[in-house]
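Novice: Counted from 1, the sequence shown has number 6 at position 6 by our numbering; the numbering is strictly sequential.
Just so you know, these hints were derived from the structure itself, not from any lab.
It cannot be assumed that every hint is accurate.
Each computed DMTMM-like pair below joins lysine to aspartate or glutamate, with the alpha-carbon atoms no more than 25 Å apart [claimed, not checked]:
no., residue 1, residue 2
1, Lys271, Glu86
2, Lys358, Glu175
3, Lys271, Asp229
4, Lys358, Asp150
Label pairs and their computed distance ranges (CB to CB) [unchecked claim]:
no., residue 1, residue 2, range
5, Ala372, Ala249, 26 to 34 Å
6, Ser83, Thr307, 34 to 42 Å
7, Leu238, Val264, 26 to 34 Å
8, Thr307, Pro63, 16 to 24 Å
9, Ala154, Leu70, 29 to 37 Å
10, Leu220, Ala114, 22 to 30 Å
11, Val260, Arg302, 52 to 60 Å
Glycine included, C-beta positions come from ideal geometry on N, C-alpha and C.
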Amino acid sequence: MLLALSVDRTGSGLWAASSVLYLTFVTHLSAQQIGVLLGAAGVAGIAGSPLAGRLAGRFPLRPLLVGCHLLRLVTLALVLMCSGFEALLPVIAVTYLGDRAAKTLEMLFATRAAGERRAAYQALSRSAANAGYGVGAGIAAIGLAVGTTDAYRALILGNALSFAVAAVLVWRTGEPRETVTVEVARAAGGAGGSATAVASRNSARPRSPWRDRGYLRFVLLDISMNLDDSVLGVGLPLWLVNRTSAPHALVPAFLVINTVLVVVLQLAVSKRAEGPHRTVRTLLLYGGLMFVCCALLAGATRCGTWTAAAVLLAAAVLVTLAELMRSVSSWELAVLLAPPEARAAYLGVAGMSQSIQKSAGPPLLTGVVMAAGPAGWLVLGTVIAGLAVAQRRCCAGRFRTLARRGRDTRGRAVSEECSNPAP
Numbered sequence: 001m002l003l004a005l006s007v008d009r010t011g012s013g014l015w016a017a018s019s020v021l022y023l024t025f026v027t028h029l030s031a032q033q034i035g036v037l038l039g040a041a042g043v044a045g046i047a048g049s050p051l052a053g054r055l056a057g058r059f060p061l062r063p064l065l066v067g068c069h070l071l072r073l074v075t076l077a078l079v080l081m082c083s084g085f086e087a088l089l090p091v092i093a094v095t096y097l098g099d100r101a102a103k104t105l106e107m108l109f110a111t112r113a114a115g116e117r118r119a120a121y122q123a124l125s126r127s128a129a130n131a132g133y134g135v136g137a138g139i140a141a142i143g144l145a146v147g148t149t150d151a152y153r154a155l156i157l158g159n160a161l162s163f164a165v166a167a168v169l170v171w172r173t174g175e176p177r178e179t180v181t182v183e184v185a186r187a188a189g190g191a192g193g194s195a196t197a198v199a200s201r202n203s204a205r206p207r208s209p210w211r212d213r214g215y216l217r218f219v220l221l222d223i224s225m226n227l228d229d230s231v232l233g234v235g236l237p238l239w240l241v242n243r244t245s246a247p248h249a250l251v252p253a254f255l256v257i258n259t260v261l262v263v264v265l266q267l268a269v270s271k272r273a274e275g276p277h278r279t280v281r282t283l284l285l286y287g288g289l290m291f292v293c294c295a296l297l298a299g300a301t302r303c304g305t306w307t308a309a310a311v312l313l314a315a316a317v318l319v320t321l322a323e324l325m326r327s328v329s330s331w332e333l334a335v336l337l338a339p340p341e342a343r344a345a346y347l348g349v350a351g352m353s354q355s356i357q358k359s360a361g362p363p364l365l366t367g368v369v370m371a372a373g374p375a376g377w378l379v380l381g382t383v384i385a386g387l388a389v390a391q392r393r394c395c396a397g398r399f400r401t402l403a404r405r406g407r408d409t410r411g412r413a414v415s416e417e418c419s420n421p422a423p
C-alpha cells in the first residue's frame, strides 16, 4: 500500500508541475478559464471525502480504492482528448473528486490496518508520498525543460499510467479487517457477552456525522488547522515576489525544504504525539508555529535582500514544522473523536476540511490577507493561534464526553450481566 501511495503521488507531482502549462499551451485556455476550471474542480473534490466515507461503510476498501485509481486513469485519458473549456470542466472535476476520495480511502486503510499505531503508519505514508511527489516534480522539470506539446502530453500520460500501476499494487494488497466490535467492546469495559451485544446494537444503528454537532464543530475548526498548505504553496511565493526584495530564485527552495523536512522528521514527530493527550497538545504547537511564521512574513517587507531571504526561509521551516504537527493531529483526532461503529462515515466528513481549505485558502490569502499588507499576516497568525486554542478545548471536551459515555455503557453492560447471569 505504501508503494502504491508513492507511485500515485509521483503521478500527482507530474500533474501539479505541468497541469497549468498544459492547459495554457496545449489546450490554449486563458488564465481566467484555468482559474475557474481548477476552482470548480476543487469544489467538486470536497464531495469526494464524504462520498468515500459513506461507501467505505458499506463495501470493502480495496475495490473502492482500485475504482478511484481507474476512474482517474480514464478521466486523464479524456483530458488528453479534450481541448475546449466546456469539455474539460466536468472531466477535471471528476478527476479531483476521485483524488479526494482516494486519499480518504487510503487513510481509512491506515486506520484499519495499523490500529493504535495509526500515527506511525501515517508518518510512513506521508514520507512515502512526499518522496513520490518529489520524484514526480523532478521528472516534470525535465519535460517542462523540453517544452514541446508532446512533452506536456507525455507528462499527463505519465500521471495516468501512475494510477494504473497504483491500482495493480492496491489489488495485490490484503484487505484489513474491521475491528469495530472489538473496539466497542473495549469501550464498554470488556464485560463479556453483554458488551458484545452493546457493540452489535451500536453497529446496527450507526450514528450520522451530519447530526453530531460536536464532531461537525471539530471539522469546521480543522479547516483553519490546514491553512499551512496554502501559506506554503501560495502565500510564501507570492509574498516573496510582490512584497519583498528577496531573489525570485528562492521560490523552489520552499518546496525543497518542505519535502526534505517532512521525509526526515515525520516519523519522529508522530512518535511524540501518540495518544489523545499528546495529540491535543500538538494543536497549541501548531497555533504557535503559524503565528511566528506569519509574523516573520509581516516583517520580511522591511528587510534588505538577503535578510528578507533568510527570514522567508525561516518562515518556510516554521510552516513545515506546523504541517508536521497538523498531519499528526488532524487525522488522529478525527479517528479518536469518531464513534467506532460509524468511523468510516465520520472520517469521510472529516476529510472535507482539507478539501475546503484547498478551495478557500488561496482566495483568502490573496484577496484578504495579502491585500491588507503586513497587518494581514499578523491578523491571520493571531486568528489561527486563537482557533487552535478553541480546537484544543473542543477536543478535550469531547474526550470527556466520550469517557462519560464509556462509563455509562460499561455500567449498563455490567447491569445486564447481573440481571441475566450466564448459565
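Novice: Hint by hint, say whether it matches the structure.
Specialist: Checked hints:
1. Lys271 with Glu86: violated (48 Å)
2. Lys358 with Glu175: violated (30 Å)
3. Lys271 with Asp229: Holds, at about 22 Å.
4. Lys358 with Asp150: violated (30 Å)
5. Ala372 with Ala249: 26 to 34 Å: holds (27 Å)
6. Ser83 with Thr307: 34 to 42 Å: At roughly 47 Å between Cβ atoms, threonine 307 and serine 83 fall outside 34 to 42 Å, so the hint is violated.
7. Leu238 with Val264: 26 to 34 Å: holds (27 Å)
8. Thr307 with Pro63: 16 to 24 Å: Between threonine 307 and proline 63, where Cβ atoms are some 55 Å apart, the hint is violated.
9. Ala154 with Leu70: 29 to 37 Å: violated (21 Å)
10. Leu220 with Ala114: 22 to 30 Å: Check passed, 27 Å falls within 22 to 30 Å.
11. Val260 with Arg302: 52 to 60 Å: Cβ of valine 260 to Cβ of arginine 302: about 29 Å, so the range 52 to 60 Å is violated.
Checked against the numbered hints above, the structure violates hints 1, 2, 4, 6, 8, 9 and 11; every other hint is satisfied.
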